[in-house]
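J.: Here is how the chains run, residue by residue.
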Amino acid sequence: MTTTVLIVDDHASFRASARAVLESEGFSVVGEAATGAEALAAIPDTSPEIVLLDVQLPDADGFDLAQRLTANGGKVNVVLVSSRDYSDFAQLIERSGARGFVPKAELSGPRLATLLA
Amino acid sequence: MSDRRAAAIGLVALVATGCAVALVALSDHDTSKVATIALAVPVGLAFIAIGIVAARRRPENRTGLLMIATGFAWFAGALPESNNALLFSIGNLLGAASFGFLIHLVLAFPSGRLVGRGVRALAIGGYLLVGLANLGFMLVDDLKDDCVDCPRNVLLVSDVSAIADTIRALTALGAAILAGGVVTVLVRRWRAATPAMRRALTPVFTAGGITLLLAALLVVAQAAADALAPTFYWLLLVSLITVPLAFLAGLLRARLATAAVGRLLAETPETPTRAEAQESLRRALRDPTLDVAYWLADGERFVDADGRPVSLPDGRDRAVTEVQREGRRIAALVHDPALADEPELVASAGAAAALALENERLQAKLRARLEELRASRARIVEAAQQERRRIERDLHDGTQQRLVSIAMTLGLADSRLDRDPPAARSLLDEARASLTDALRELRELSQGIHPGILNERGLRAALEELAYSARLPLELEVALSQRLPDRVEAAAYYVVSEALTNIAKYAGASAVRIRVQRTDGRAVVEVADDGVGGADNARGTGLRGLADRVDALGGRLHVESPPGRGTVVHAEIPCA
Numbered sequence: 001m002t003t004t005v006l007i008v009d010d011h012a013s014f015r016a017s018a019r020a021v022l023e024s025e026g027f028s029v030v031g032e033a034a035t036g037a038e039a040l041a042a043i044p045d046t047s048p049e050i051v052l053l054d055v056q057l058p059d060a061d062g063f064d065l066a067q068r069l070t071a072n073g074g075k076v077n078v079v080l081v082s083s084r085d086y087s088d089f090a091q092l093i094e095r096s097g098a099r100g101f102v103p104k105a106e107l108s109g110p111r112l113a114t115l116l117a
Numbered sequence: 118m119s120d121r122r123a124a125a126i127g128l129v130a131l132v133a134t135g136c137a138v139a140l141v142a143l144s145d146h147d148t149s150k151v152a153t154i155a156l157a158v159p160v161g162l163a164f165i166a167i168g169i170v171a172a173r174r175r176p177e178n179r180t181g182l183l184m185i186a187t188g189f190a191w192f193a194g195a196l197p198e199s200n201n202a203l204l205f206s207i208g209n210l211l212g213a214a215s216f217g218f219l220i221h222l223v224l225a226f227p228s229g230r231l232v233g234r235g236v237r238a239l240a241i242g243g244y245l246l247v248g249l250a251n252l253g254f255m256l257v258d259d260l261k262d263d264c265v266d267c268p269r270n271v272l273l274v275s276d277v278s279a280i281a282d283t284i285r286a287l288t289a290l291g292a293a294i295l296a297g298g299v300v301t302v303l304v305r306r307w308r309a310a311t312p313a314m315r316r317a318l319t320p321v322f323t324a325g326g327i328t329l330l331l332a333a334l335l336v337v338a339q340a341a342a343d344a345l346a347p348t349f350y351w352l353l354l355v356s357l358i359t360v361p362l363a364f365l366a367g368l369l370r371a372r373l374a375t376a377a378v379g380r381l382l383a384e385t386p387e388t389p390t391r392a393e394a395q396e397s398l399r400r401a402l403r404d405p406t407l408d409v410a411y412w413l414a415d416g417e418r419f420v421d422a423d424g425r426p427v428s429l430p431d432g433r434d435r436a437v438t439e440v441q442r443e444g445r446r447i448a449a450l451v452h453d454p455a456l457a458d459e460p461e462l463v464a465s466a467g468a469a470a471a472l473a474l475e476n477e478r479l480q481a482k483l484r485a486r487l488e489e490l491r492a493s494r495a496r497i498v499e500a501a502q503q504e505r506r507r508i509e510r511d512l513h514d515g516t517q518q519r520l521v522s523i524a525m526t527l528g529l530a531d532s533r534l535d536r537d538p539p540a541a542r543s544l545l546d547e548a549r550a551s552l553t554d555a556l557r558e559l560r561e562l563s564q565g566i567h568p569g570i571l572n573e574r575g576l577r578a579a580l581e582e583l584a585y586s587a588r589l590p591l592e593l594e595v596a597l598s599q600r601l602p603d604r605v606e607a608a609a610y611y612v613v614s615e616a617l618t619n620i621a622k623y624a625g626a627s628a629v630r631i632r633v634q635r636t637d638g639r640a641v642v643e644v645a646d647d648g649v650g651g652a653d654n655a656r657g658t659g660l661r662g663l664a665d666r667v668d669a670l671g672g673r674l675h676v677e678s679p680p681g682r683g684t685v686v687h688a689e690i691p692c693a
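So the protein sequences, as listed, match chains A and B.
Using my numbering, read the first sequence as starting at 1 and increasing by one per residue.
Using my numbering, read the second sequence as starting at 118 and increasing by one per residue.
Certain hints may be false.
[Claimed, not checked] Label-pair distances were calculated between CB atoms; the ranges are:
| no. | chain 1 | residue 1 | chain 2 | residue 2 | range |
| --- | --- | --- | --- | --- | --- |
| 1 | B | R536 | A | A117 | 21 to 31 Å |
| 2 | A | D64 | B | L483 | 44 to 54 Å |
| 3 | A | A90 | B | R506 | 23 to 33 Å |
| 4 | A | G100 | B | G671 | 48 to 58 Å |
[Stated by the list, open to error] Not close to chain B: a few residues of chain A, all C-beta gaps over 10 Å, as computed:
| no. | residue |
| --- | --- |
| 5 | S17 |
| 6 | V21 |
| 7 | A60 |
| 8 | A71 |
| 9 | K104 |
| 10 | L107 |
Hint data in this document are derived by calculation from the structure and do not stem from the laboratory.
Beta carbons: idealized from backbone N, C-alpha and C, even for Gly.
So that you can see chain A by itself, here it is in the shape it has in the complex (with noise of 0.2 Å):
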């Protein structure tokens, strides 16, 4: 059984190349928003496991849209991504109630996998 994944994030290159990365090593890429609107239309329909979510979306803040989608137990799980650094963002990570956070340069299957964990 595969992981479903639902990738967030206003560049479509990175999009593109998220879906690339991940389908090759074994996730099942279920949707794409790039939108905070998007994406709360696109969960209901495609129940991902988890949600790819960029910190700066044009139209939301990636950590309220977080603490959204986990507040009252939430079965989704959020990773946040950004081009910056966790270092950038440490406290409001630590806060959102996402399982964790990759910078985009470094995102990979393995790494997933051990947020998961």
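Fit chain B to the supplied structure of chain A, relying on the hints for placement.
T.: Same frame as chain A, now just chain B:
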């Protein structure tokens, strides 16, 4: 009023005085000749004399003429003293005419005009009452009741005392209503007036109001055959003389105030600290609301003492008096409209303060310039901030995303290297192509921050590149024997760059000419096109930013862009 006319009126007044004195002196029926002459002659002469002074000072204001008319009507009131029946009758008919003029005079003060329908009705009512009441009375009364020695009333039709008593009662009622109406108007006006206006109104309104009330009381007392009637008569005579004196007080006040202005301003230093002249003028003219607006000829605008732009009021609530010095406008005094009734006073105050105002104007000009610089500096800081944000955005959205993508592609290639070498190779190709793009984006970005060619090869080479890539029909002429200072080169470069961007976007030009030269220690940059024109320096943030940039270097940017006749952007930047 000319000297000759004033002299003629004075002469006639003296003749009228002589006639009136003779009439009283020779009268068979006046029982208090000395008192009558002693009180009545000064009243008439004072009205005429002060009326002449007022008419000469303010020919456009009817107050003076009304006073002269009141005075002559007053002398006509001596005719009833005549022993001749016809003159006696005419005198009785017109005897009260002076009160018609007096009501008009007081109601029309200080403008000389009757303003408002109610006020006009009161004035007309006054004339009707003093004319018609006497006529009606004389038709039915022989005028012998109080004066058995008086001559015959030639207007008498039939002596019917019942009708005469009714007319007398109605006259008294009319006089009471009229006096009440006039006093009400005066009180209302006084309460609505500004402090400066009240100072002018108080003497005239007090003297006029009391006099008219006494006149009404006299008429009522006469109708009631009350014993107080003679008392009211003498009080009225005394009160009447205060009316022209109240007008005189107003005229003198303006004179005295002018002298006071001179004194106060003499105490004002010629190089006053901020708004000191304004304070002096406020005190001198006793108008605490007075403001001074300083004229800046180069900006074609008024500013306050702090150099902030102000616009002059155009309503009736405030009056404006311009101050000139050596034929040039230097300031405007914005003051209480009550002072507009004393234009000489305000003008002389302005003239006396002109030197101090001129010095303050120069300071205000300096402050206005500082204010402009402060605003321009704030805009430069804001523009720099925006530029940094834009660069951060460009780096984040462009180059950074591309590098992220390359890193991920390389990671993918790495993971495929062993099991699928051809796929790994194609991923490497992809990464290299992306790197080329990322490099190009970085170059464009840094070019936007500061064109490298400008540093390395100078303004001429940078402009040539700019001209080449502008793809416009363009003529470039750079007449520089040596390189300009860095900051001047950069400013000149951006002037041309922004002008070319605007031409490409809006102008629809078929020819563009760029000229750069060094004249008298200044770099002169001019970009002219033959396009649609209509560019506005204040509108576009691009041109505004350029103007600030040039301004910060002590230079000036000027844009001439008449609609339909092309645009010339002209900048001069000091090289020192």
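J.: Confirm or reject each hint.
T.: Verification of the hints:
Between R536(B) and A117(A) the CB atoms are about 25 Å apart, so this pair conforms to the stated range of 21 to 31 Å. Judged by the Cβ atoms, the range 44 to 54 Å given for D64(A) and L483(B) holds: they are separated by roughly 52 Å. Our hint of 23 to 33 Å for A90(A) and R506(B) holds, since their Cβ atoms are close to 24 Å apart. Checked against the hint of 48 to 58 Å, the C-beta distance between G100(A) and G671(B) comes to roughly 57 Å, which is consistent with it.
Under the 10 Å C-beta cut-off, the non-interface status given to S17(A) relative to chain B is violated; the minimum distance is some 4 Å. The claim that V21(A) is not at the interface with chain B is violated, since a C-beta of that chain comes within 10 Å of its own (minimum 5 Å). The claim that A60(A) is not at the interface with chain B holds, since no C-beta of that chain comes within 10 Å of its own (minimum 17 Å). The Cβ of A71(A) lies farther than 10 Å from every Cβ of chain B, with a closest approach of about 29 Å, so its non-interface assignment holds.
Distance to chain B contradicts K104(A) as a non-interface residue, since its nearest Cβ pair spans about 4 Å, not more than 10 Å. Remark: the non-interface label on L107(A) conflicts with the geometry, its nearest Cβ contact in chain B lying 6 Å away (cut-off 10 Å).
Hint compliance for this structure: hints 5, 6, 9, 10 are not met, and every other hint is.
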